[in-house]
Amino acid sequence: MANLKDTIRRTLEPLALVPIPDDPDASLFDLGVIDSFGLMDAVARLEEALGVKVPDSDLNPRRFETLAKIERYFASRIPSGG
Amino acid sequence: MTHLVGFGAALPETVVTNAALASEFQVPEEWILSVSGIRERRRAGEDETPATLAEAASRKALAAAVLLPSQLGAIIVGSGSSSRQFPGISADLQRRLEAPGIPAFDIPLASSGSLVALALAVDLAPRYGPVLVAGAEVMSRIIDRPPRTKESAILFGDGAGACIVSPGPGAIEVTDIRFACDGALGDDLSLEPGAPLVMNGRTVILQASRKLPAAVRDVLGRAGLHPADVDLFVFHQANLVLLRQVAKTLAVDESRLFVNVDRYGNTSAASLLIALSEAAEQGLVSAGKRVVLGAFGAGFSWGAALLTVRG
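If you read the sequences in order, they're chains E and W. Okay, so the first sequence: first residue is -18 according to our numbering, each after it adds one. Okay, so the second sequence: first residue is -13 according to our numbering, each after it adds one.
Derived from the structure by calculation, the hints contain no laboratory data.
Cut-off 20 Å, straight-line C-alpha distance, at most; resulting in silico cross-link-like pairs (EDC-like, lysine to aspartate or glutamate): (1) W:Lys136 / W:Glu16; (2) W:Lys234 / E:Asp37; (3) W:Lys234 / E:Asp22; (4) E:Lys50 / E:Glu29; (5) E:Lys50 / E:Asp4; (6) W:Lys275 / W:Asp162; (7) E:Lys34 / W:Asp204; (8) W:Lys234 / E:Glu29; (9) E:Lys50 / E:Asp37; (10) E:Lys50 / E:Asp16; (11) W:Lys275 / W:Asp215; (12) E:Lys(-14) / E:Asp22; (13) W:Lys46 / W:Glu(-1); (14) W:Lys275 / W:Glu159; (15) W:Lys136 / W:Asp174; (16) W:Lys136 / E:Asp11; (17) E:Lys34 / E:Glu46; (18) E:Lys50 / E:Glu28; (19) W:Lys275 / W:Asp217; (20) W:Lys234 / E:Asp16; (21) W:Lys234 / E:Glu28; (22) W:Lys275 / W:Glu264; (23) W:Lys136 / E:Asp16; (24) W:Lys275 / W:Asp239.
From a predicted model like this one, the values you see are computed outputs, not experimental measurements.
Using the sequences provided together with the hints, build the complete structure.
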């Protein structure tokens, strides 16, 4: 999942208000990396970068709170076996 | 086909500037502007209530429509800040207007209340006659409840807007209007009696940024239209950053957005009708124009309307 990890980090970097932490389990919200509006933008950019549509029912901020959670979520949404 | 035949707005005189809030919360003025697009908001005086503001806006709308209160067929008020649980603001407004004997009820949905009220008015007007729709909020009394937070204090303002939905002829046709609700995330924007406002900003913004453009596309699609066919978008004035994101999602230029959130802040359910009233006053809802209304708010609830202005 190295590519996915890199893509996520690269996509979030332009939106980060402070440096993105190395710890994949650190809260991007608590650290102030992404604010409410940044999250809206982040989801839109991640959808575009990864070619995955996040359904409305999955638009729960907790799914996108840490790098690890973001990676887990999109890994589960990207079709495997390609 | 129903028409919108008169608009009105009422804003308290007291202005709360970003400088005052920056001083209160020890934050930079620039931060307030950058996260909200708001420069100032209004605050109701001690004698002002959602009903007094609704009355002032309603009398202007009635005058513009050349209607007497006695000619109304129904009254609907959208608000999230009613000062009592029941009866609602509509009862007080009906008493003040001296328009007894007709349906009067509230839509207690912050932010989206007046859009939902408009949708119901469109259905009621052919059976009951002209419907007065008002959106009225005194959010300051809610956000003053401890703990008073900067996130709420910088965002919300007080005010009221009104319009008349007529079953008769008019220039501004309500071509279509639809709304929907999903209670699954209702707790993320809610208000218990006497308690502080609960607003999970991240959830609200994520959902609004998705649902609002979808509602606009839905109402346009039913008319065989696209966002590019619309001359003016009048949305609930939630926050400038969100409005810009919605414009981006719809691929329309920001110049087609009506914006007054910078001057009044987010006046919740009042904002749509205040904005529509000002847009009409500025001649932006004129012959040949297609205007789209949209709102997202408590419930969650959201919706959109297509107005067609005849020449």
